[in-house]
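**Student:** Chain by chain, the residues:
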Amino acid sequence: MAARVVVNVPPSAKRGEVIEIRTLVGHPMETGFRHAQTGELIPRDIVRSLVCTYNGEEIFRADLHPALAANPLISFATVAVDSGTLEFKWSGDNGFSASASAAIKVV
Amino acid sequence: MITRRAFLVLACAAAAPARAQLPPNIAQIRKRALDAAIDEVVGAAPVRTGRVKLDLPPLVDNGNTVPLSVTVESPMTAADHVRSIHVFTEKNPQPKVISVTLGPRAGRAYVATRARIADTGQVIALAQMSDGSFWADRVDVVVTLSACLEDGLI
Amino acid sequence: MERRQRLQRLGERGDQGRVRLVVLSLCLSAATALAQDGRRSGYEYMSRQTQAMQDDEATGPAVLALLDGEALWKRDCAGCHKQGMKGVATRYPALYRGKLVDLEQRVNLCRVERQKAQPFPYESRELLALTAFIGRQSRGLPIEVSADPAAGKAFFLKRQGQLNLSCANCHDDNPGRKLGGSVIPQGHPTGYPIYRLEWQGMGSLQRRLRSCLAGMRAENYALGSPELVELELYLMSRARGMKLETPAVRP
Numbered sequence: 001m002a003a004r005v006v007v008n009v010p011p012s013a014k015r016g017e018v019i020e021i022r023t024l025v026g027h028p029m030e031t032g033f034r035h036a037q038t039g040e041l042i043p044r045d046i047v048r049s050l051v052c053t054y055n056g057e058e059i060f061r062a063d064l065h066p067a068l069a070a071n072p073l074i075s076f077a078t079v080a081v082d083s084g085t086l087e088f089k090w091s092g093d094n095g096f097s098a099s100a101s102a103a104i105k106v107v
Numbered sequence: 001m002i003t004r005r006a007f008l009v010l011a012c013a014a015a016a017p018a019r020a021q022l023p024p025n026i027a028q029i030r031k032r033a034l035d036a037a038i039d040e041v042v043g044a045a046p047v048r049t050g051r052v053k054l055d056l057p058p059l060v061d062n063g064n065t066v067p068l069s070v071t072v073e074s075p076m077t078a079a080d081h082v083r084s085i086h087v088f089t090e091k092n093p094q095p096k097v098i099s100v101t102l103g104p105r106a107g108r109a110y111v112a113t114r115a116r117i118a119d120t121g122q123v124i125a126l127a128q129m130s131d132g133s134f135w136a137d138r139v140d141v142v143v144t145l146s147a148c149l150e151d152g153l154i
Numbered sequence: 001m002e003r004r005q006r007l008q009r010l011g012e013r014g015d016q017g018r019v020r021l022v023v024l025s026l027c028l029s030a031a032t033a034l035a036q037d038g039r040r041s042g043y044e045y046m047s048r049q050t051q052a053m054q055d056d057e058a059t060g061p062a063v064l065a066l067l068d069g070e071a072l073w074k075r076d077c078a079g080c081h082k083q084g085m086k087g088v089a090t091r092y093p094a095l096y097r098g099k100l101v102d103l104e105q106r107v108n109l110c111r112v113e114r115q116k117a118q119p120f121p122y123e124s125r126e127l128l129a130l131t132a133f134i135g136r137q138s139r140g141l142p143i144e145v146s147a148d149p150a151a152g153k154a155f156f157l158k159r160q161g162q163l164n165l166s167c168a169n170c171h172d173d174n175p176g177r178k179l180g181g182s183v184i185p186q187g188h189p190t191g192y193p194i195y196r197l198e199w200q201g202m203g204s205l206q207r208r209l210r211s212c213l214a215g216m217r218a219e220n221y222a223l224g225s226p227e228l229v230e231l232e233l234y235l236m237s238r239a240r241g242m243k244l245e246t247p248a249v250r251p
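Here the protein sequences come in this chain order: U, D and Y.
35 is the number that our numbering gives to position 35 of the first sequence; each next residue is one higher, with no gaps.
129 is the number that our numbering gives to position 129 of the second sequence; each next residue is one higher, with no gaps.
162 is the number that our numbering gives to position 162 of the third sequence; each next residue is one higher, with no gaps.
Think of the hints as simulated: they come from the structure by calculation, not from any bench.
From the three backbone atoms N, C-alpha and C, an ideal C-beta is built for every residue, glycine too.
Don't take every hint at face value.
The following label-pair restraints were derived from C-beta to C-beta distances [to be verified]:
{"id": "1", "chain 1": "U", "residue 1": "P28", "chain 2": "D", "residue 2": "K53", "range": "38 to 48 Å"}
{"id": "2", "chain 1": "Y", "residue 1": "P142", "chain 2": "U", "residue 2": "V18", "range": "35 to 45 Å"}
{"id": "3", "chain 1": "Y", "residue 1": "G79", "chain 2": "D", "residue 2": "K53", "range": "45 to 55 Å"}
{"id": "4", "chain 1": "Y", "residue 1": "E219", "chain 2": "D", "residue 2": "D140", "range": "19 to 29 Å"}
{"id": "5", "chain 1": "D", "residue 1": "K53", "chain 2": "Y", "residue 2": "S146", "range": "44 to 54 Å"}
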């Protein structure tokens, strides 16, 4: 199954309003510190970054580390400047990649 | 008859090679890693306490998933804003939790996430301002293990 | 004063005291009826931050399973079950053709018998997602199992394992107190399948029961075994009337 993602962006906002954006991506975030029952170290496999652009301009970037819980939630704020699209891109180990987009109407 | 001094000298000499086999000082390793991670961000600059508010439960239900948020007082204008926020833990196998890059487009210097905190200790939130200054908040949390550990049982 | 004389004096306080006692006990029972006979969901033992994760309908940790469940529902179930399944999850475990089955088994029976499809393995991502989605449709409704829970009750009360503990020793006798660093809840399965922080993922009630049995150093039972289904039934009947919270978040 493809990675599940959820982005929660208010569908509309007033110009200049500060809005909260919540994002969720399904990923086990294997730390690389755990051992299998047989004793081998389970290799690290995590989401490494989340980048959000708003009408093409980067407004948020996060670097993720193994200390984030599985299925990482990341919430942040942005100013509703214009109607348009917010794009979200996650990337991680072993070629992990996920994306989402959300439209916003600014009045 | 051997003097006490001679005995002590001999005993220390005998014990010296054994010191190489003592287990590593985990607390010291973690502390060094945390200091190195913070230095990577701040360099030689001083870190002031204040303006940053790290919100997380003082007693954690389960260290595997600890909701936390960081808010920094800042007007978030082009002239005066938060450039980045970093979160570290004191006792995890590696100290970094998350680093976010912000800017005036953020409107509010805020990030929330769910962290893994391995052990009772300090969690540190560090913010870099647009003027290059660093501010931090440190919170002590108590983390307990689940009563029954399952070790992969499904 | 002699003991017998003192006791006689107390007895003679008589009718006035008795009336006060009756009024007081009426007030108390009214209060406990409001508090559901003193029964409390595991939700109430959690910190407010963990409660907030359960309440977060948009980005709570169980949301991803609900999305998977919705996709599976649309693909496999919606064709027949056009009315949805509101009220279904609150009635399981239940008798199906004379055999006691839980919701997971009932889903698989439908898949095998009617859809001629492969059953989903226990604790598979699909089965957890689908039972979470079905359970979500009954969120807020009171649990109303009706089959006879005698076998499960006997299991719950029986001392077993290397520690010679019964389920009741912790969950009936010591809820609210600590086992190690964890708070002992009353053990009402109000939100299964749950997102358990310890597992960092979803799991069924049977998985949780197996963890407990392992922790008690008692003989464990395979997923889907009748002993576990009977125990599920007893726990649900013990929680009858309490509201379903599926999918819940628990530590």
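**Student:** Of the numbered hints stated earlier in the document, which are not met by this structure?
**Tutor:** 1 and 4
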